[in-house]
Amino acid sequence: MSTTLDQPTHGLARRLYQGETAFDFVGRSRRWFTGSGVVILIGLIALAVSGLKFGIDFKGGTSWEVPANGVSVTAARDAVGAQGIKDATVQTLKGTNGTDLRVEAKIPPADQAKVTAALAKLTHASDNAVAVNSVGPTWGHEITHKAEVALIAFFIAVGLFITFRFQAKMAFAAIVAVIHDILVTVGVYAIFGFDVTPNTVIALLTILGYSLYDTVVVFDKVDENTRGLAASGRMTYSDTVNLSMNQVLMRSINTSLVAILPILSVLVIGDVFLGATTLKEFGLALFVGLLTGAYSSIFIAAPILARLKEREPRYATIRQRLESRGAAGALLTPRAAAEQSAGGGVSRARTAAVAVLDDDDDDGPAILRPGRDDDDERPARAAPGGARSGQANRPPANRPRPGAARPAPRGRKKGGKRR
Amino acid sequence: MRRSMTISLSAILAIAAVALIAAIASGNSPRLGLDLQGGASVVLSPTGSYNNGALNQAQKIINARVNGLGVAGATVQRQGNNIVVELPGVKNASSALGVIGQTAQLQFRPVVLDSNGQELIFAGPGPSATASATPTTAGPTSSTAVPATTTAPPTTAASTSTTKAAAGLPGGARVNTAAAGAPSPAPAPAGAGTAAAPTSAPAPGTAASVAPAGATPTSSALTPLSPTTTLSPAAAAAGPALTPQSVLDNPASVDQEIVVPEYTKSDITARYVLGPVIRDGTYLFTGQIVSSAQANIDTTGQWTVAVNFTGKGGSEWDKIVGGQYYQKYVAIVLDNRVESAPQINAQRFSGQATISGGGSAGFSHTQASNLALVLRYGALPVKLTQSEVRTVSASLGKASLRAGLVAGFIGLALVLLYMIAYYRALGVVVVIGLGLSGSLLYSLYTWLGTSSLHASLSLASVVGIIVSVGVTADSYIVYFERLKDDIRAGKSVRSSVDRSFGRAWRTIWTADLVSIIAAFLLWFLTIGDVRGFAFALGLSTVLDLITAYLFTRPIVFLLGRNRGIAEARVLGISRGLAAAPAGGAA
Chain R
40 MSTTLDQPTH GLARRLYQGE TAFDFVGRSR RWFTGSGVVI LIGLIALAVS
90 GLKFGIDFKG GTSWEVPANG VSVTAARDAV GAQGIKDATV QTLKGTNGTD
140 LRVEAKIPPA DQAKVTAALA KLTHASDNAV AVNSVGPTWG HEITHKAEVA
190 LIAFFIAVGL FITFRFQAKM AFAAIVAVIH DILVTVGVYA IFGFDVTPNT
240 VIALLTILGY SLYDTVVVFD KVDENTRGLA ASGRMTYSDT VNLSMNQVLM
290 RSINTSLVAI LPILSVLVIG DVFLGATTLK EFGLALFVGL LTGAYSSIFI
340 AAPILARLKE REPRYATIRQ RLESRGAAGA LLTPRAAAEQ SAGGGVSRAR
390 TAAVAVLDDD DDDGPAILRP GRDDDDERPA RAAPGGARSG QANRPPANRP
440 RPGAARPAPR GRKKGGKRR
Chain E
3 MRRSMTISLS AILAIAAVAL IAAIASGNSP RLGLDLQGGA SVVLSPTGSY
53 NNGALNQAQK IINARVNGLG VAGATVQRQG NNIVVELPGV KNASSALGVI
103 GQTAQLQFRP VVLDSNGQEL IFAGPGPSAT ASATPTTAGP TSSTAVPATT
153 TAPPTTAAST STTKAAAGLP GGARVNTAAA GAPSPAPAPA GAGTAAAPTS
203 APAPGTAASV APAGATPTSS ALTPLSPTTT LSPAAAAAGP ALTPQSVLDN
253 PASVDQEIVV PEYTKSDITA RYVLGPVIRD GTYLFTGQIV SSAQANIDTT
303 GQWTVAVNFT GKGGSEWDKI VGGQYYQKYV AIVLDNRVES APQINAQRFS
353 GQATISGGGS AGFSHTQASN LALVLRYGAL PVKLTQSEVR TVSASLGKAS
403 LRAGLVAGFI GLALVLLYMI AYYRALGVVV VIGLGLSGSL LYSLYTWLGT
453 SSLHASLSLA SVVGIIVSVG VTADSYIVYF ERLKDDIRAG KSVRSSVDRS
503 FGRAWRTIWT ADLVSIIAAF LLWFLTIGDV RGFAFALGLS TVLDLITAYL
553 FTRPIVFLLG RNRGIAEARV LGISRGLAAA PAGGAA
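Quick mapping for you: the protein sequence lines, in order, are chains R and E.
For what it's worth, our numbering labels the leading residue of the first sequence as 40, then goes sequentially.
For what it's worth, our numbering labels the leading residue of the second sequence as 3, then goes sequentially.
Keep in mind that the hints were calculated from the coordinates and are not lab data.
Nothing false has been slipped in among the hints.
If you only want the chain R side, here are some residues facing chain E, beta carbon under 10 angstroms, derived: (1) 56; (2) 105; (3) 167; (4) 168; (5) 170; (6) 174; (7) 185; (8) 201; (9) 213; (10) 249; (11) 253; (12) 294; (13) 302; (14) 321.
Derived DSS-like pairs (lysine-lysine); straight-line CA-CA distance at most 25 angstroms: (15) R:98 x R:185; (16) R:125 x R:98; (17) E:314 x E:385; (18) R:153 x R:98; (19) R:125 x R:153; (20) R:92 x R:125; (21) E:385 x R:185; (22) E:385 x E:62; (23) R:145 x R:92; (24) R:145 x R:160; (25) R:92 x R:185; (26) E:385 x R:98; (27) E:314 x E:330; (28) R:153 x E:93; (29) E:385 x R:153; (30) E:385 x R:145; (31) E:93 x R:160; (32) R:133 x R:160; (33) R:160 x R:125; (34) E:400 x R:160; (35) R:185 x R:145; (36) R:98 x R:145; (37) E:400 x R:133; (38) R:92 x R:133.
We treat Cβ as the ideally placed atom computed from N, Cα and C, and that holds for glycine.
The following block holds chain R by itself, in its conformation from the complex (with noise of 0.2 angstroms):
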């Protein structure tokens, strides 16, 4: 993903477990909308070639489900023909208990008690066995009408929240990086050609709501982060940015776990119990709009956050400082960032000893670890317990430092003492 000083026996996993990430989202932000951008043509060419599989809950229509009991397919579509019904269509599907018959037809609810009594009979099960799903032809539209009304009074009172909250172009991008999504979770449907039901819409919006909630979770520490850092003009907007989403990337990474898990576990149980029923309808939407969503908002979101600041006079300013000292673009980690507001915020020095630069690679800025010095500068690196119970020591025995494979960071870095 990005170039770090790291050896390789430092894996991700134990780099995002130390907070020693610097990865640089905001400078590849055009791969992401590059990604994005495709992803989401393909789903709408998908989706003007073949549209969306609606189910008749949106165009209306009847269907019934009835446990087969050993009816033919042939025989139930006689017996619903009789009832004067020529064009239903006839399935059979996995129930919960061996296989049920599942009929389709566009009629009414007002006409359906006919044909469910031929179904009952047919089968000889009660009127209560058979499932009966009926919906007139305008409710769909107004099912779908609602949604949208209550889609756009949600963007409204979002969109207001988070300027009122933070800024208006937090607002902004939150809603880009969620309209980023539903065309993400439509385009997933029209590819696959997946049904759309009633389900699908509760999806969509849970999606909404997830993904605003995540970027809010990672504006709130931007948010925190330029009132210091960035304010202070020691660093640009998008480095800022840079270090905010490093900091919460592992939180980010946890949240989306936590939330997919159960997702997955209702799309795996759903289709394992009950066959092709609401409960994975639920978990197809929810899994591909869990993903998208924990995505925007640090690929989409956080990098158009951080565009659209670095234009305004005061970020566009503190950046040509920078750059002219040739201190822009570099990334703190978390843990350096920690280190460096140990002592009560950034002072001066502990900036020094951060911010390098090894700008060999084009790629993007080159990271910098800061150097691990826990003998003398960083007061205690680790709670009080953890040094004493012996963990203290295992650092070094367990990966050498990156100063031992790199120049100390401290001792190259341009920026450094320049101050």
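Keeping the supplied structure of chain R fixed, place chain E upon it in accordance with the hints.
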């Protein structure tokens, strides 16, 4: 500080424990949605012109019909302009749903007999037996009978009933003989009823008379058909034919003679043997003959109901009612219940009539208004169509519930295992915290299910709750990651716990507020399953805020001060926060 933390922690744990015990002890459990317990639901949407008052009235009428079905836990709710009826575990689902939304049930029928007690009820296998068809067989037959009722078979039914109507005494010879010994529709025999129950008070709205508008009621017009009595419980129980259930299960045909009750609230106050719906050829005397009706005060200071007939209705009324039922009694029947049975005191009405109450007191304002409403709107003040009908078999519901629960628990177990592996002792805090939220949620759903909110757990709300596990766990994660940051900055666990919470709390409430706004808007603006989902999400997010502040904060605060726990080798907090680089990540 420490003391307030302990208090807050004990308080929330005590509340959760008490709530859970109370919920379990009450013997209730959360109300399950139809998709989880089986049953039927119908969404009725208004068509044509309507207003809010009309919809409210329609909801009331439907509510009365649904109550008549006797389905435990049935609900009738307004969602926007729609009326949503849910009948959990109902038998004969589709026919029940059909009956609920029917419209043209306001009928005008001649009174053949009235009764003051069981002894006066028309007995034997006659038309009353038809009405008393057993509920079990009623289902399929009545569902097919419904269209037949409203479309009125044009050939035989029309001719036979016309002759019956012409005879003025619908029904067979048996009715005639019975009528001979019972109060016939004339003022004089009314005394017989009075004798049968001399002490009884006239039932409100029962006795009434119809006079042409503007005409002064004569003394005979005020003579009630008979002062009705409240039936003894035994008598009421003796007539299974007349329970609301059977009436709804088997809506009597327009050309059948029926026995129907009159109610005040739920008490049967009288029973009537009524002839077929009055008709002139194919023109039925239903709600269609009335154009408007209002409650007025007449010159004597009594409440009356002024009825305006439609053009056709007015002329038919004069022709048939004025012609054949003069001095007789015509019942206004809604949903097979007698609303009023006034005597006809004129032969020419010219499109207007006044109904005045019987007895010395006449109508009360409420009675007059209600009768006017019934006449004005027919059975339902708006035309409702079924927008959505859904029935779920109980076995499918059970399977869904089981799958939802299994999926939920497996998902939850995975989350908890991950949390413990990652955060160690703090992971255990997450486990306890989720247990706390869970028991609060269970209690709240149990309680809300029995409240007027009728909150029920549908599959959509189960999914909402599963999703909220992510949001809830995130509050812990945000806090713990923040703690991690502070500890990396060289602070001790002890000194970080409170400071970190302060900052994490801002993040948590900000993000949770977004979820709550989303949930509220969805709940408020949408219809159907989405609402259940939104409700679950909103409720669990609010609970998340509460537990974060009242549980997570104090427990981590207290744990952080306990050196043994903070530094334990395997489950220690420091270890969970990677304060010591001990590996074992993710």
